[in-house]
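2 protein chains.
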Amino acid sequence: MQEEFISSKQNAKVKNWRKLKTAKGRKQQGLYMIEGEHLIEEAVRSGVYLEAIILNETYEGAYPTGFSTYRLAAHVFESLAETDSPQGILAILGAQSRFNAAEDFQQLLAKPGDAINRWLLVDGVQDPGNLGTIIRTADAAGYRGVVLGTGTVDLYNDKVLRSTQGSHWHIEVVELPIETAMQTLQGAGIPVLATALHREARDYRTLDYAAGAPLALVVGNEGQGVQAKLIEQANLSVFIPMPGQAESLNVAVATGILLFAL
Amino acid sequence: MQEEFISSKQNAKVKNWRKLKTAKGRKQQGLYMIEGEHLIEEAVRSGVYLEAIILNETYEGAYPTGFSTYRLAAHVFESLAETDSPQGILAILGAQSRFNAAEDFQQLLAKPGDAINRWLLVDGVQDPGNLGTIIRTADAAGYRGVVLGTGTVDLYNDKVLRSTQGSHWHIEVVELPIETAMQTLQGAGIPVLATALHREARDYRTLDYAAGAPLALVVGNEGQGVQAKLIEQANLSVFIPMPGQAESLNVAVATGILLFAL
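First to last, the sequence lines map onto chains C and U. Residue 198 in the numbering used here sits at position 198 of the first sequence, with consecutive numbering throughout. Residue 201 in the numbering used here sits at position 201 of the second sequence, with consecutive numbering throughout.
Looking at chain C on its own, in the form it has when it is part of the complex (with noise of 0.2 Å):
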């Protein structure tokens, strides 16, 4: 396919791209823009609709072919790109079907996959590196999908992309009220657990789940944590219990080791 040259910050595509760069612009187009060779490769691999490749007009690494495909003038592509040392070659996704009714999660609960049915539910996670690491450790540890609540940051935010490193395209993502997410779960049977900061909730060590018994675990925000209300409607609350003096851990942290041991 042949290469189009833009030399325009002005070109009508151009505009349009940049305007994937607000979590608006992307949910008026239904697309979103990742940088960068590697998460490209990953994204061409997951079988995702790439509807665009966009090249600087300097790049002169590897890109995969068979896509509409543009070379933008240096100051044009500087532009798009995020990063401040652009590796100079970003794609145009089409964004993924996101389940954000009850009736469409409900479902599917209702089609086991072949991943274990465990979810992790993320109520209002702020730092894009940590939710993007989240789901990483949620696809590593085979769970199912993840639910992202209210007042999480968006997925399609180009930091929370970066730090996936791709574990989007692999296990399903729910935009769903954790509130919702977590009656519709209860209402299938599968035990909630929610992550606790406080000692009177029970110490994760202690808890023996057949390994790929169904389950959903909520982890909070990096200040508040999981909202008191969700702790309330939750099967029961765990924490970690930390022999050191830090506060607190890392919410992606927090996970990881949750994940993990259950």
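Calculated directly from the structure, the hints in this document are not laboratory data. Hints may be right or wrong, so weigh each one.
[To be verified] Pulled from the structure, derived: some chain U residues nowhere near chain C, Cβ distances all over 12 Å:
1. Gln28
2. Arg71
3. Ser79
4. Thr255
5. Phe260
[As the list claims (entries may be wrong)] Cross-link-like lysine to aspartate or glutamate pairs, in silico, EDC-like; alpha carbons within 16 Å at most:
6. C:Lys159 <-> U:Asp127
7. C:Lys19 <-> C:Asp154
8. C:Lys21 <-> C:Asp158
9. U:Lys159 <-> C:Asp127
10. U:Lys13 <-> U:Glu3
11. C:Lys19 <-> C:Asp158
In this text, a Cβ means the ideal position worked out from N, Cα and C, and glycines have one as well.
Go by the hints and put chain U onto chain C.
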């Protein structure tokens, strides 16, 4: 104590403080800079040497008293701050005595403290957020200290400090080539485990160390992992089996899983 007002970026003190933004400047002056009310409170609580408190002229929040305090014109303050939206308060601290000779480390090992004699060895971790989170995790797990090997990002980098949340004041921080630290640990009869990315290593779930038994764990660079020569030098190499599709875990998450499981 009275506040001194500084209105010029060319002020000699300000010029010296600005040099603390580089690893070279920090090494020359034996000082480093931290930002934000919470971290500064934590520093005061930890009893670390505090040389100066620096406030933006617009700052109206709380700050510890009894220290040399400076108020800076906004443009002067901004020339020092590292974050995009600084909180308006900085502090200059004395660098901790960081043991960086093998003999010092040997003496440290010979004097068991209150903490369990467990050490985390960090081989070439590059991302400041990862290193800070790793130190915070080692603190939470009650480890006695961390060893930062050659090629690991500087402890006093502002992003590292923000992620440690003060944990580097709670545990020992040693700067030594990892092979030297390993030899010293092994000479003291402490087994050294290295994390490996391949499945020929031992599944960490099959290990059974008594709680509190002396132990050291080596974690490695984000891309390459622990260097092969170090894996060879270790008493044992371990890995974390991942049932999912992710290629790897974030190094701070992997560290958390291992520290809390061992």
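Take the C-alpha atoms of lysine 19 of chain C and aspartate 158 of chain C, compute the straight-line distance between them, and say whether it is at most 16 Å.
Answer holds: lysine 19 of chain C to aspartate 158 of chain C is near 13 Å, not above 16 Å.
Quick one, are lysine 19 of chain C and aspartate 154 of chain C close enough, alpha carbons at most 16 Å?
The given pair, whose Cα atoms are some 15 Å apart, holds under the 16 Å limit.
Next pair to validate is lysine 159 of chain U with aspartate 127 of chain C; report whether the Cα-Cα distance is within 16 Å.
Roughly 14 Å between the alpha carbons, so the hint for lysine 159 of chain U and aspartate 127 of chain C holds.
What's the verdict on lysine 13 of chain U and glutamate 3 of chain U, does the C-alpha distance respect the 16 Å limit or exceed it?
Distance of about 14 Å is within 16 Å: holds.
With d taken as the least Cβ-Cβ distance between glutamine 28 of chain U and chain C, does d exceed 12 Å?
27 Å, holds
Confirm or reject: serine 79 of chain U is not an interface residue toward chain C, with every Cβ-Cβ distance exceeding 12 Å.
20 Å, holds
Keeping to a limit of 16 Å between CA atoms, is the pair of lysine 21 of chain C and aspartate 158 of chain C held or broken?
8 Å, holds
Is the Cβ of arginine 71 of chain U farther than 12 Å from every Cβ of chain C?
Fine: 28 Å to the nearest Cβ keeps arginine 71 of chain U off the interface.
Just to be careful, I want the Cα atoms of lysine 159 of chain C and aspartate 127 of chain U compared with a cutoff of 16 Å; is the pair within it?
14 Å, holds
Please confirm whether threonine 255 of chain U is truly not at the interface, meaning its C-beta sits more than 12 Å away from all C-beta atoms of chain C.
8 Å, violated
Grab the minimum beta-carbon distance between phenylalanine 260 of chain U and chain C and tell me whether it stays above 12 Å.
5 Å, violated
In summary, the numbered hints that this structure violates are 4, 5.
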